[in-house]
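Chemist: Sequence:
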Amino acid sequence: MPTVRFARCLILAGLVVILGLPIPLIQAARPDLIKIDGSSTVYPLTEAVAEEFQKANRGKIRVTVGIAGSGGGFKKFCRGEIDIADASRPILKEEMALCQKNGINYYELPIAFDALTVAVSPKNTWVTSMTVEELKKIWEPAAQGKITKWNQIRSDWPDAQLALFGAGADSGTFDYFTDAVVGKPKSSRGDFTASEDDNVLVQGIEKNKNALGYLPFAYYAAQMKKLKAVAIAGKGEPVLPSAENVLKGTYQPLARPLFIYVSEQAAKRPEVNDFVEYYLTEGPKLIAEVRYIPLADKAYGMARERFKKGVVGTGFGGEPEVGLPVEEIMTRPPKQ
-14 MPTVRFARCL ILAGLVVILG LPIPLIQAAR PDLIKIDGSS TVYPLTEAVA EEFQKANRGK
46 IRVTVGIAGS GGGFKKFCRG EIDIADASRP ILKEEMALCQ KNGINYYELP IAFDALTVAV
106 SPKNTWVTSM TVEELKKIWE PAAQGKITKW NQIRSDWPDA QLALFGAGAD SGTFDYFTDA
166 VVGKPKSSRG DFTASEDDNV LVQGIEKNKN ALGYLPFAYY AAQMKKLKAV AIAGKGEPVL
226 PSAENVLKGT YQPLARPLFI YVSEQAAKRP EVNDFVEYYL TEGPKLIAEV RYIPLADKAY
286 GMARERFKKG VVGTGFGGEP EVGLPVEEIM TRPPKQ
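All letters in the sequence shown, in the order written, are residues -14 to 321 by my numbering.
Hints are computed from structural coordinates only; laboratory data are not their basis.
There could be a bad hint or two in this list.
[Stated by the list, open to error] Cross-link-like lysine-lysine pairs, in silico, DSBU-like; alpha carbons within 30 Å at most:
id, residue 1, residue 2
1, K210, K60
2, K233, K61
3, K61, K171
4, K253, K86
5, K40, K211
6, K283, K320
7, K78, K210
8, K60, K134
9, K253, K134
10, K233, K122
11, K60, K211
12, K220, K60
13, K233, K253
14, K45, K61
15, K220, K194
16, K233, K283
17, K45, K210
18, K270, K211
19, K78, K134
20, K233, K211
21, K40, K270
22, K78, K211
23, K194, K45
24, K40, K108
25, K86, K171
26, K220, K253
27, K192, K213
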């Protein structure tokens, strides 16, 4: 059963998307307001940290957290509309250019791991594992309208229509999955049910015996009775998503770091500085509660040191990369 906090995050995220009620972001500038938006993957963790931070400050500081997706969050961030962007993939070249154009410098801070999960309905009796090559065969652009049945993937699988579910185009999950599986970010077939709301994906996969989809580990872990994870064979034997396998480095290529991007200008405000420090020290304690995977202590220490010393920029240079250790990312010369 999901925790009360995580269940509340799922309900709020679903209501925001289904009812079209955006979490308030554009407000009069106030010294006690911190504005955050971006990844629906990172949302449960940031919302949990924001809730505890506000309690610790006895309501003197207000934190709003939105779920526009990583791409949507970066657009707002690089226009100076928000203080912090949640991201489930690194900032890209076009986003770096927009930030530079608008004079937005930023801290790139890793905060947790995700094990991007490929899932089917529990009613699916034939799939236990898949290779990355099989996933590519399903999801690459050339598959659209051609790879439509399960037996086209493996001949001993049923002659049944594939029902595909995946992240929306503004989602960092979409970018990461297509890069890791197809080999190019945003390179995907288009004939699938897409949503930035991971709750929609859970419901769609659960209800259809012929469904296949991908979603963040936290949403799978909270709904294990409704979904069945598929073991993925990258370069070796099939491996199931789990904290242990991510930390051992065996769940590849679908293990990924999650980030917050903090505006350098916003970080000069005491309330934003305090929130980021709180996130990097208290946030790791909340990770298990919202079903994500903590980084190594060394990585959190490196992130705190980077923020303390004012080291701005990205360790990726605008190009998405798969399977990198967080410590390696943090030692690269940052680029703006």
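Chemist: None of the hints should be skipped; say for each whether it holds.
Modeler: Structure-based check of all given hints:
The hinted pair formed by K210 and K60 fails the criterion: a straight-line CA distance of about 36 Å is larger than 30 Å. Distance restraint check for K233 and K61: the Cα-Cα separation of roughly 35 Å exceeds the 30 Å cut-off, and the hinted pair is therefore not satisfied. About 20 Å separates the Cα atoms of K61 and K171, which keeps this hinted pair within 30 Å; it holds. For the proposed pair K253 and K86, the alpha carbon gap of about 20 Å is at most 30 Å, so the pair holds.
Between K40 and K211 the alpha-carbon distance is near 33 Å, which puts this suggested pair outside the 30 Å criterion. Of the supplied pair hints, the one linking K283 and K320 holds, its CA atoms being roughly 22 Å apart against a limit of 30 Å. Taking the CA atoms of K78 and K210, the gap is about 40 Å. The hint is violated against a cut of 30 Å. With a C-alpha separation of about 37 Å, the suggested pairing of K60 with K134 is violated against the 30 Å cut-off.
Proposed proximity of K253 and K134 is contradicted: the alpha carbons are some 55 Å apart, above 30 Å. Taking the CA atoms of K233 and K122, the gap is about 27 Å. The hint holds against a cut of 30 Å. A threshold of 30 Å between alpha carbons decides the hint, and for K60 with K211 the separation of about 34 Å lies outside it, so the pair is violated. Between the alpha carbons of K220 and K60 the distance comes to roughly 36 Å, so the proposed pair goes past 30 Å and is violated.
Restraint check for K233 and K253: the C-alpha separation of about 37 Å exceeds 30 Å, so the hint is violated. Simply put, K45 and K61 have alpha-carbon atoms about 25 Å apart, close enough for the 30 Å limit, and the pair holds. With a CA separation close to 28 Å, the supplied pair K220 and K194 stays within the 30 Å bound. At most 30 Å may separate the alpha-carbon atoms for a hinted pair to count; K233 and K283 meet this at roughly 16 Å.
With a C-alpha separation of about 40 Å, the suggested pair K45 and K210 falls outside the 30 Å cut-off, and the hint is violated. A C-alpha spacing of about 27 Å is found between K270 and K211, which places the hinted pair at or below 30 Å, so the restraint holds. With a CA separation close to 37 Å, the supplied pair K78 and K134 exceeds the 30 Å bound. Between the alpha carbons of K233 and K211 the distance comes to roughly 27 Å, so the proposed pair stays at or under 30 Å and holds.
The hinted pair formed by K40 and K270 meets the criterion: a straight-line CA distance of about 16 Å does not exceed 30 Å. Simply put, K78 and K211 have alpha-carbon atoms about 38 Å apart, too far for the 30 Å limit, and the pair is violated. The hinted pair formed by K194 and K45 fails the criterion: a straight-line CA distance of about 49 Å is larger than 30 Å. Of the supplied pair hints, the one linking K40 and K108 is violated, its CA atoms being roughly 43 Å apart against a limit of 30 Å.
Of the supplied pair hints, the one linking K86 and K171 holds, its CA atoms being roughly 24 Å apart against a limit of 30 Å. Taken as a hint, the K220 and K253 pair is broken in the structure, with Cα atoms around 45 Å apart against an allowance of 30 Å. Only pairs whose Cα atoms come within 30 Å are accepted, and K192 paired with K213 is accepted, the gap being roughly 12 Å.
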